[in-house]
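Colleague: Protein chains in written order, with the numbering used here: chain A, 1 to 347; chain B, 1001 to 1425; chain C, 2001 to 2328.
Derived from the structure by calculation, the hints contain no laboratory data. Idealized CB from N, CA, C, for every residue including glycine. Wrong hints could be hidden among the right ones.
Said to hold, decoys possible - Straight-line Cα separation of at most 27 angstroms, DSS-like style, residue types lysine-lysine; simulated pairs:
| # | chain 1 | residue 1 | chain 2 | residue 2 |
| --- | --- | --- | --- | --- |
| 1 | C | K2110 | B | K1145 |
| 2 | C | K2254 | A | K341 |
| 3 | A | K341 | C | K2110 |
| 4 | A | K35 | A | K300 |
| 5 | C | K2199 | C | K2180 |
| 6 | C | K2180 | C | K2039 |
| 7 | A | K307 | A | K275 |
| 8 | C | K2226 | C | K2254 |
| 9 | C | K2110 | A | K118 |
| 10 | C | K2226 | B | K1145 |
| 11 | A | K35 | A | K268 |
Stated by the list, open to error - Where chain C lies over chain A, by a calculated footprint (3+ residues, C-beta under 8 angstroms):
| # | segment |
| --- | --- |
| 12 | 113-122 |
| 13 | 334-340 |
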Amino acid sequence: MATHITESDELLGLDRDALIEMLRWMILGRRFEEKSGEMYQIGEIGGFCHLYIGQEAVAVGAISPLREDDYVITAYRDHVHALVSGMDANAIMAELLGRIDGGSRGKGGSMHLFDRSKNFLGGHAIVGGHLPVAVGVGYSIRYRDTDAVCICFLGDSVANIGAFNEALNMAALFRLPVVFVIENNRYGMGTAVHRAAAIRNLADRACAYEGMHGWTIDGMDVLEVRRTVEVAVERARNDKMPTLIEANCYRFVGHSMSDPNYGHYRTKEEVHHYKLKEDPIKRFIDILTKHSLINETDLKRIESEVKQIVEESVEFAKNSPLPEPQELYTDIYSGAYPDIKRRDLWR
Amino acid sequence: MATRIMMSKLSPTMEEGRVLQWLKQEGDPVESGDVVVEVETDKATMEVEVMGSGVLRKIIVAADATVPTGTLLGIVAEPDEDISTILAEADAAAPAKPAVAATASSAVDSDIAARTPAEALPEAPQTMPAAPAAAAPEQDGGRVKASPLARRIADERGISLRQIRGTGSGGRIIKRDIEAAASAGLAAPLADVGPEAPYQRVELSQIRKAIARNLSQSLGPIPHFYLTTEIDMTRTIELREELNESLESRGVKIGINDILVKTAAQALLQHPNVNVSFAGDHIRRFSRVDVGIAVAVPDGLITPVLRNVGHKGLEQIAGESRDLIARAREKKLAPEEYQGATFTISNLGMYGIDEFTAVINPPAATILAVGAITDRPIATDGAIEVRPRMRVTLSCDHRAVDGAMGAEFLATFRAMLENPLHMVL
Amino acid sequence: MAVIAYREALNQALREEMRRDADVFLMGEEVGAYQGAYKISQGLLEEFGEWRVRDVPIAELGFTGLGVGAAMVGLRPVIEFMTWSFALLAIDGIVNAAAKMRYMSGGQFKIPITFRGPSGAANQVGASHSQALDSWYAHVPGLKVVAPATARDAKGLLKSAIRDDDPVVFLEGELLYAAKDDVPEDEDFLLPIGVSEIKRSGKDVTIVAHSRPLHTALRAAEMLEKQDGISAEVIDPRTLRPMDIDTILESVRKTNRCVIVEEGWPICGIGAQIVDDIQREAFDDLDAPILRVTGADAPQPYARNLEQLAFPQADFIVNAARRVCYQE
């Protein structure tokens, strides 16, 4: 299923530290999401909560080659993109718990994580809505004539919405440094991709935009993702051309915490198969083990470090106060919210 | 031909009647015009004459039962005549009037109520009270349409919206109407328009509201009647002077009113059927005489109550009365000090009023209106004499006190005042 | 001061702000090479180049979101809709992205963007192209909504909108572009957002109107003066959100009567909100129910006679004013 778009050695010439760092991000993403699921189940997290378990190779593979001045924007399954972009795990967990120390002061929630200081631009919950936003980021990069790039993650179902065409068309038309990464986890909620898209490979849609490449890759292989994104990022940085990457992956959990993992739309066996045979973390560990770059002790150390981060984030979030009532009416306008007290007499 | 014996409406106010006794038994032959049953109405006991002949075939409402007017009491018919249709009519009427059973059972003991046959119930139209129609005019009466601004200005200027005809849409009173009224002068603002006579609006004080609430319960549901007599006060005035002379050293001063209170109490003790209250389904005959004294206060009146007056001496009555009246004028009375009089005296003599009638202050059944003591020429033993005379009028709740009862009480009251020695009898 | 048309005033405002701040750029259909569908952007491409005066494909959702993205990272986009009717395709970008980004990010991202274009009635362009959806945008917390009625106000307010750090929905009157007015040439001429203006003083009735109906209201005020001796005070809120309700309240406290005029549909319209504010804060000053004169509660018809009937007409306003003055 994978199409190597470049020839390079299996480890992309990365040193051990860089590789271990990638693994560490993947494990952190996995453990953080497991904890999020637990927090949801005990009622500490409310609303919609979409976990990223199974897809870690995509975020880590795509974000790890970025520079600090590059931008990341994604949809609502955003916890791990935020983490890997550098957003503080404490701020993420506090946001999930709706606390004042959350990235959005408890006003955004799971689907609306943001970290301006890390150029992490969200966290967007209306399917397709953030693609034009990403194009605007690309536009501003060209406008200011810098060589930053913007990575825009999107789900497979976004390839079918009007905004997809409008955004990709303008990105190609204006030659904007945007890399679109479709995380094709095979189901838009409960609808299989082939039941929604009249095309076999979503990346082939790139052919509609002159100069835009479209690549379909193995999204469960973090090095494959990284290898491909690196090429796309260089094209964006140097040639000011957008790329459409389709990373085939699989989510090991339900669409959101309130959706079934399997049943009407996919089988238990299928989920088990991916978990056993395609787990991106296991696959990466296998590669690193094969190259004698990691051992059990290293893994235990990583797990221990990660556990500490995750547990600390829960501790931090639980100790963070709920937003004060006045937070209801802050962050709506640049100044004070005019006249609100005159119309809202009861709060 | 069968003849119905009905609980007829025997007076304009009669809504129900009680079957006292049947003078014929079922099976007795009956001639037209015979009295077959005695019925007690709100006014009197009436004999019901049957309007047909035959035998008394069926007694439907037994003696002692109270039923609404229009209820079928019995049937007179030929011995072999089929009366099932009439009985069926009574049956059919029964479910439509469930309230009747309650009326019956509240008025009679449950045993009799249980025996009151359902078929005795009347046809609906005959007994439906006209109450719903009466409520309608009031609903519209209170609403004055005025713009918020007009209301505010009227309020500020003390102008009653009721005296103004609105010129806005749908007769809405608007600002210019208030201004026109104000410039026309409050004395006669638009006096010739509108359905009501001009008046100045004075807001109700709390006490005024209480009076209105209480007394409107009076002349409405309470059937008043009035008994007036004139009393020679010569001896009472002499008595008062003597008493005050002897009590002067103790700083006590007894007023005519104190003597009236005491006298009334004494008389009431002799006529306990006047010291009563009508309590809906019963009469309360009080074992104690608590006399209320109507006291004018700046924004109304209040009736402090002297308790158990029958067992108090004049000196004590005078002291308590002075205290109560003083505190009444300062509005410092506790509710228990002005509620629950069994008898009330209202004296307007000091205003030169010769005689007047007072409105009963529930729950008491009587109130005595006392006029000024005035020197009047009267004929005594064939000669004209001038004597201090005082006219009093007793208002009675006729539901509880009848004319003769009131008159007897008043006679005792007068006799005691005209000859205070009677008080010790 | 110079007497110029509304469209020239907007052009001046754009030009001045783009000269003043290099982060300001204009984007929309036909804004560049074509010189603007309504000639608002005439000459701007030549002066500022294609990155700052950007023609876009017909993709309202796309270029609206593009503007939001650019604003997130520090630019000050001016997004032109060829008409606000087309912005219906972009309403997710305006409502879900622009209006809420600051809130959802806990204040991390401001969105200093101006969405502008012709709004309201046009002549015989039919139901899809002729409508005043002012209240849709005024409904949304996070947006500011401006609707100038004169060339002077258009210039002063557009400059303020561009400088504003919040997303501004700027509703231009499609039939006002040619309206002329004295407009200050001063580059620092700004009119504050959220301030009403009394366009005509009066004492008997307050008439509130914005955008094109303001001119209808002013005509009605003249008619009332001449025919009925009714002195109407006409107020243009100019900003629909946040609205300067105090100026209106002050006037109503004086006149005790109010008629509100708008081009949009009646249900949940701008006037409905003003009525709410007045009844809450000036209830005891009212001498008559507040009346509204709105566009007909129907899609805009094509036929000329029906179309005229659908607009708020001066004699409707006159009749409404007479009624609240109890002078029918």
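Colleague: Any hints from earlier that this structure breaks? Give me their numbers in increasing order, please.
Modeller: Hints 1, 10 not satisfied by this model.
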